[in-house]
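From first to last, the protein sequence lines stand for chains A and B.
Be aware that the first sequence starts at 1, since it is given in my numbering, and climbs by one per residue.
Be aware that the second sequence starts at 1001, since it is given in my numbering, and climbs by one per residue.
Simulated from the structure, these hints should not be mistaken for lab results.
Quick caveat: nothing in here was measured; it's all calculated off a predicted structure.
Heads up, the beta-carbon is just placed ideally off N, CA and C, and yes, glycines get one too.
A portion of the hints provided could be inaccurate.
[Stated by the list, open to error] Beta-carbon label-pair distances, calculated as ranges:
#, chain 1, residue 1, chain 2, residue 2, range
1, B, LYS1019, A, VAL133, 27 to 35 Å
2, B, ILE1076, A, ASN225, 43 to 51 Å
3, A, SER211, B, GLN1023, 46 to 54 Å
4, A, CYS111, B, LYS1047, 40 to 48 Å
5, A, CYS111, B, VAL1077, 33 to 41 Å
[Claimed, not checked] The following residues of chain B were derived to be distant from chain A, with all beta-carbon distances above 10 Å:
#, residue
6, MET1001
7, GLN1022
8, LEU1025
9, VAL1036
10, GLU1043
11, ASP1060
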Amino acid sequence: MRSSVIIFPGSNCDRDMDVALKKFGFKNQMVWHNDQYIPKSDLIVLPGGFSYGDYLRCGSIASKSKIIKSVIDFANSGGLVLGICNGFQILTETGLLNGILQQNKFLNFICSNVYVKVKDKQNKYFKDLKKDVLELHIAHNEGNYFCSDDELKSLEDNNQIAVTYCGVDGTENEKTNPNGAIKNIAGIFNKNKNVLGMMPHPERMIDKYLSGEDGSLFFKNILDNFK
Amino acid sequence: MKIKVIVTLKNGVLDPQGKAIQQTLNGMNFGNVEDVRQGKYFEIEVKEKDEKKAKSLVDDMCKKLLANLVIEDYKIV
Chain A
1 MRSSVIIFPG SNCDRDMDVA LKKFGFKNQM VWHNDQYIPK SDLIVLPGGF SYGDYLRCGS
61 IASKSKIIKS VIDFANSGGL VLGICNGFQI LTETGLLNGI LQQNKFLNFI CSNVYVKVKD
121 KQNKYFKDLK KDVLELHIAH NEGNYFCSDD ELKSLEDNNQ IAVTYCGVDG TENEKTNPNG
181 AIKNIAGIFN KNKNVLGMMP HPERMIDKYL SGEDGSLFFK NILDNFK
Chain B
1001 MKIKVIVTLK NGVLDPQGKA IQQTLNGMNF GNVEDVRQGK YFEIEVKEKD EKKAKSLVDD
1061 MCKKLLANLV IEDYKIV
């Protein structure tokens, strides 16, 4: 499976993502934001970081980069596009995903392990995933997902909510919500479920010497579903 | 021509920074501060002499970049 990771000025999880993808057998290439075309890919990843220093709104400047038109065309033709953390913020600013990531409710930068519940498995990312709750890592200041009531209803009706913050046993409530996100939302899909944006970083959980290996399940699953 | 824009959060959208500022002001004995909403202010120099045209250009900029209409409103002043 071929993948491309887009690097923006200020991306800082691009190399981690490259290491993770290659570890599980993706043929990955790095693509500069100022390029116009993306090499032939089965998956495009927008990595985490602080593109353009989070100026104006997180992800807003990156969402107007030269490469983005190719990303949007790829997504609209059904290609898999994954945005992690700042990548998720960029995807909402492009309009490929609904809503916006606002500043965390308690104004703090959160860096910690969290549990997320997989809410939908009828898609190429989570189909046949062995677990329902994954332990992943978050590190963000703007992860407080927000959208209008109509958009929320549409997300729920179309099963576009991908992952939600929860406890180790899958409980979703205010206590297991780190940043104030509406309905504990940690990640969502577009309508066709080929575009996934999520705040947690699976690429930080791919080795027993890191703090967990649930990220490995995520990447292996994408590969298994591609075969 | 210089066009000025104010971008604010829509009513009902949580503004934690505004809330923190309000609480701080209250703590500084500005007890009559009931609410604070924080926004952004832009001064945009447009190469255009016709004010109407300049404002219409800036309006387009607001919709496409300066404001995110999911949570923000803008006002050209």
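What hints, given by number in increasing order, does this structure fail? Number 3 only.
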